[in-house]
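There are 2 protein chains.
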Amino acid sequence: MHPSLLQDSVRGCPKEIPHNEKLLSLKYESLDYDNSENQLFLEEERRMSFLGFKCLEISRWVICGLIGFLTGLIACCIDIAVENLAGVKYYVVKQNIEKFTEVGGLSISLILWAVLNSAFVMLGAVIVAFFEPGAAGSGIPQIKCYLNGVKIPRVVRLKTLVVKVCGVICSVAGGLAVGKEGPMIHSGAVVAAGVSQGRSTSLKKDFKVGGYCGVLFSLEEGASFWNQMLTWRIFFASMISTFTLNFFLSIYNNKPGDLSSPGLINFGRFESDSVAYNLYEIPLFIVMGAAGGLLGALFNILNYWLTIFRIRYVHRPCLQVMEAMLVAAVTATVSFAMIYFSNDCQPLGPDQSEDYPLQLFCADGEYNSMATAFFNTPERSVRSLFHNPPGRLFYNPLTLSLFTLFGILLAAITPNGSVSVRGLYGPHYGGGIVRMTLSLTVIMVEATGNVTYGLPIMLVLLTAKIVGDYFVEGLYDIHIKLQSVPFLHLEAPATSHWLTAREVMGAPVTCFNRIEKVGTIVDVLSNTSTNHNLGKICGLILRSQLIVLLKHKVRELARSRLTQRKLQLKDFRDAYPRFPPIQSIHVSQDERECMMDLTEFMNPTPYTVPQETSLPRVFKLFRALGLRHLVVVDSENRVVGLVTRKDLARYHLGKHGLEEMQLAQT
Amino acid sequence: MHPSLLQDSVRGCPKEIPHNEKLLSLKYESLDYDNSENQLFLEEERRMSFLGFKCLEISRWVICGLIGFLTGLIACCIDIAVENLAGVKYYVVKQNIEKFTEVGGLSISLILWAVLNSAFVMLGAVIVAFFEPGAAGSGIPQIKCYLNGVKIPRVVRLKTLVVKVCGVICSVAGGLAVGKEGPMIHSGAVVAAGVSQGRSTSLKKDFKVGGYCGVLFSLEEGASFWNQMLTWRIFFASMISTFTLNFFLSIYNNKPGDLSSPGLINFGRFESDSVAYNLYEIPLFIVMGAAGGLLGALFNILNYWLTIFRIRYVHRPCLQVMEAMLVAAVTATVSFAMIYFSNDCQPLGPDQSEDYPLQLFCADGEYNSMATAFFNTPERSVRSLFHNPPGRLFYNPLTLSLFTLFGILLAAITPNGSVSVRGLYGPHYGGGIVRMTLSLTVIMVEATGNVTYGLPIMLVLLTAKIVGDYFVEGLYDIHIKLQSVPFLHLEAPATSHWLTAREVMGAPVTCFNRIEKVGTIVDVLSNTSTNHNLGKICGLILRSQLIVLLKHKVRELARSRLTQRKLQLKDFRDAYPRFPPIQSIHVSQDERECMMDLTEFMNPTPYTVPQETSLPRVFKLFRALGLRHLVVVDSENRVVGLVTRKDLARYHLGKHGLEEMQLAQT
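Protein sequences appear in the order of chains L and Y.
One point on numbering: in the numbering used here, the residue at position 424 of the first sequence is 424, and numbering is uninterrupted.
One point on numbering: in the numbering used here, the residue at position 106 of the second sequence is 106, and numbering is uninterrupted.
Next up, chain L with everything else stripped away, as it sits in the complex (with noise of 0.2 Å):
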C-alpha cells in the first residue's frame, strides 16, 4: 500500500512573465481548500469541546471585524491622502493659471501642470517598479485567480499592500485614469490574507474586500466554494468597513460621530419622480448597451496590444517608470487643451460650491464647466455630473462626450489602470470592458439608491455584455490569460464530455510504501530519483508535510528514539505558507537508512475518481470542493494517475470546438 506524493510546487519561477494566451504556465500553484485528514487533525478535532467549536467560531467573526477595520482605515487614508494632494495641485495649477489668463503665457501653466502630474507618477511607479513590480495593475485580476484557486506569488504580502497604497494615491493624485476600487479590493485581500493567516490557516478562504463591492466581487467570483455563513462573515466586514471609512471621515471633515457619509461608490441622491423611465426607452437602453459593447470591445482591444508590447518591449522598471510619466504627461495635456479650447461657459452659482471654480476666458461671474471636469478627482466629477442643480453646472452635451472620449482613451494607454473608470464613463462602457455584470447591476442599482432602475441598468449591461463577448473576451480575463495562469471556469467546456479521467491526468504517480526509508523520501522530493511502482492507495501525503516531516523527524533520529517528541499539527501550522527548501534539510547516511511511517501524517481517504470518468464530471468534483490533486484509481483501486488545476484548465472551447493548451514551464 503506497501513499501517493505530491508535488507541492514547482520552484525558481523566472522574472519574465509569458504573454502567450495558448499556454499553459506550470509556475503557478494551486490552493488546496480541502483538509488534510490525518490522525493528527482528526485526534485534534476530537480533543476539541463543544465550548472550543464556539471559541473558534466568535474568533472567526472578530477575525472577520478586523479585517473590516483596516480594511477601512485604508480606504480612509487613501481617501484622505488623495484628496489633500489633488487639492494642493489643482490649487497651485488654478493659481498659475489665473494669473497668466490675461497676460499670456498660459504655456507655462500647462508645462506646471504636466510637471507636477508627472512628478507624482513618478514618485508612485518608482516605489512600485522597484520596490514590489506585483503591486503594480489594479490587483483585480490577481485577487480573481486567487478566489479561483490559483496562488499568484507574493500577491497577499505585506509589502505589496504598503507599495500598492503608495502608488494609487500618487497616481490618482498626479491625474492618472485610475481608479481606487482595484487596489481597494486588493487591499483588503491582502489584510485578510494577513489577518487571517496570523491567526488560523483554517480561514484562508476568508478572502474579503474593501467596502459594499466586496461582497459582491467575491460573490461574483469565488461562488465555488462558497457558504452561507461566509457570505455573512463577508457581509459583516464589509459593514465594519464601511463604518470605519465613514467614522475617520466623519472625524476628519470635523463632523466627528455623524456616519451619515456614503460609501466609496456613490452617485449621491436622485429625485424619484425627475428620473422615472418609460416603457418606450426600453429599446434606448438596449442600444445604449450595444454602443457600450462595442465601445468596451474596442478598449479591450487596445489595451490587449498595449499590454503585448509592454509585456515585450518596457519590461525594465525604468522604462516602465518613463512610460508612466509620459501618460502622466500626455493626460494634463489633454486636459489642459480641452480646457483652453473649451467655450462651456456656465454662471457662477450663489453659494460658491465647486471647489475649483476656473473664470478662464469666460465672462467675469461665469466659469470654465470644461475645468470644473477635470479640475476635479474622478469621483467628484462624477457627482457634480449627475447632481448639480439645474443650470449650474450642468455641462452641455459637447463637454460631456469629448470629456467621456478623452477620458477613455487616456484609460486606455493607461498602464494597468484601465478597468476602474467603469463609474465615470457610463454602466454600459464598463459593463464592455470587464463584463461582470452581477456586480455592476447591483453596484449600479446601489449608487442611484434606487430598485426600479434595477432592470434598464441590467438590459443594459447585458446588451454590453452580449455585444462585447461577442469580439473580445472581457479585460480581467484576457489579462489572466495573457500571463498563462491555469484559470478554472465555472463548468467544463460544453463539449468535453467524450473526454475521461484517464486522458487528462498526468501519469505516472510518485508512490511510497506506508513505512518508507528516509533515503527514498529525500531522493525523490530532491528529484533524483523516481519512485513509480502501482499500489493500492492507502492515503496522500503532501511534498510540503514530508518536508516538515524530514526536517523534524531527522532531528529527533539523530538524538534517541526513547526521547522522540510527537509530531503535532502545531509544527506543520507553524511552517505555513513558507515551507524550507529539500535543499536546506541536512540527512546523514545513517539518518537515509532509518525507516519513517507515513500512516499518522498522510490522508488516509483522499477524494477518488475511477479512470472513465467524465471530464464535467471530474471538474465539478474539483471545483466543488476546492481541490488541489484527484487521485485516479482502477477497479482494483490502484493509483494510476492524479488531476491537477492545470489538468482541467488545459481544456477551453475554441472556434473551432475543444481545444488545447500547451503547458509550459515559465
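Read the hints as simulated data drawn from the structure, not as lab findings.
Copies of one chain are not kept apart here, so a pair can be met inside one copy or by any two copies together.
No farther apart than 20 Å at their CA atoms in a straight line, the calculated lysine to aspartate or glutamate pairs in the EDC-like style are these: (1) K536 / E636; (2) K54 / E44; (3) K151 / E132; (4) K620 / D32; (5) K54 / D469; (6) K99 / E366; (7) K620 / D34; (8) K54 / E491; (9) K655 / E491; (10) K646 / E491; (11) K517 / D597; (12) K620 / E660; (13) K620 / E45; (14) K54 / E659; (15) K646 / E660; (16) K620 / E57; (17) K536 / D634; (18) K646 / D34; (19) K655 / E473; (20) K536 / E612; (21) K655 / E45; (22) K655 / E57; (23) K54 / E473.
Since the structure is predicted, the reported quantities are computational estimates derived from the model, not experimental observations.
Following the hints, complete the assembly by docking chain Y onto the known chain L.
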C-alpha cells in the same frame, strides 16, 4: 460486478403529520442534483453540437424570463385583489361605524366587521383545507427544505399554487396577520418548477422566487449548489418579475408605462439628512436588537406550543376552518377595541390623502389615528407610519406600542401565517423570529434605500439573532423540525469528527449483476426478495430507472427480439417526475426468465468514499455536489454501504453534545 440499486422512495405516506422533533421521517425523498452519467447520457451529450449547447443556454434564459414574468403576474393579481377586497370591507365597516357613532349601537359595527373578516377567512380556509392542505402556511419552510434538497410532496404542484393564491388573498383581505412574502416565494417556486419541468429536467434547480427578495432567499438557503450563472439567471428573473409587477400595476393605476412604482416591500424614501445616525446611538441599536431577540424568542415559543396543539387536536379540515374563522373574529374584535378605546386624535390633513379616516369620537376636523393603523393593509400601515409629514398621522408612542403589541400577539395565534409580520413590527423583532439575518439586512437596506443604515440594521439583526438563538431556534427551523424533515445544515455538527462513513451508512445494499434476470429485479423492487451479495462496484442504478426500463423492455420482449427499439434518454425524461409503481408493471413468467443488460443505463462512475472517511468529509461531499446517495466502498472497491440524506441529518448538536435522532416511518 454489481450495480447497486437505490430505493427511490418509500411509498404511501400516511395522512398524519409527525410532530416530534426527536424523530426523522423516512417519508421524504431527496432531490438529486447529480447527473446519472450513463452511456445514454454521454452519447446524447457527445452527439450535441456546440450550437446545441448555445441553444440550451439561451433557452435557459428564456425560461427564466418566463418564470419571472409569470411570478410578477401572480404578484400583481394578489396585490390588486387584496387592495380591492380590503377596500370594500373597510368602506362598508367605516360607513357603518360612522352611522352608529352618534346614535350608539357600535356593537353592530363590531359584529359586521367580525362577520366580514370571518367570511373572507372562511372562504380561504375552506379552499385550503379541503382542496390542498399542502398550500397552508407561509410556504417558506417547505421551499427552504426544497432548496436544501428534500422533496416535500405536493409542494410545487399547480393546484397548490392556485389554492395558495386564493388563500392568501382571502386571508389578507380578512385581516389576518399574514403577509404576502411567504406565499410569493412559494408561488415563484411553483412557477419555476412548472415552467422548467415543462421544458427540461436539467433546469430543476432553478428555483427562483418573487421580487428582489427571491434572489436573497435562494442565495441564503440554497447556497450549497450555487454557481454564478444561476445567480445571474435568478437575478434576471427577479428583474423581469419586478418589471412585470410594476408594469401591470401602472396600467391598473391608470399611469401606463410609468414604471417607477416600488416593489412589494418598500418603506418609501427617507430624507437623507433627517435620519442620519450618530455614534452614541450604536449601543441603543444593540439594546433594540436584544429586545427584539427576546420578543422573537417568546413569539417562537408561543407559536411552537400552538403548533403542537394544532397538530394534535386541530387536524380535521372543518376544525381548521373554524379555528381560522375564530382567529379572524378575534382579530376584528381586538382591532375594534383598540380603536374604540383609543383617544389618539389627530388633525385631518389638508389633502385628505388617507384612505379611510375615521372621526369616531374625535372633534370635527380630527380623526382617530389608531383606526388608520388598523383600517389598512399592513404594508400601507407601515408606509404611513414612516412617511406622513410631521404632525399628520404621526402616531403617538402609546398608539404605536399598543398596535405593535397586539399585532404580535395576533400574529402568534394566527395559524401558519406568523412570519411575514417582520416588516410591520420592526426588523429587530423579525430578526428575532426568523433569524434569516442576511436577507433581512439587505431587504431593509434596500427598503430604506440607503446603504448607510447597513451597519445599524445589521447590528440590530445580529444581536436579535444571538439573543434569540440562546433561547430557541428560528421559527422556520422549528417548523421543519416538527415535521421531522431530514434537513441538512451547512456543515456537519462540529463534534462529529469521530464518526466515520462505516458507522453512519445504511447496509447491506441491494446489488444486481451487470446482466441480471428480470425476475430478480422485479422481486427486489416489489420488496419480496433481497439481494445483498457483495461485489466490486461497477455502477449505480436508480429504482426509477429500473422501473422505466422494465416498463419498456418488458413490452419489447413480449413482441420480438428483432424489433427491439433502443431505449432513449427521452423515455426516462418523459417519466419524470412521476414514475409508475412497480405493481403497475405486469411481468409474465416467461419474461421473468429473460436477462436484462443494465450496463448502458447505470451510472458507471458514482462518487464513492472509503469506509474510514469521517462524517464531516462525507457531509461536505454530499452537500457540495447535491447528492442523493453516496456509495461506501472497502479497500477492494466492494460496496459495503450507502449514505443517504437521513444518515447525515440524523446527527445534531444537542445540549449534551452530539445526539442521534430516531428514524420514523411516518
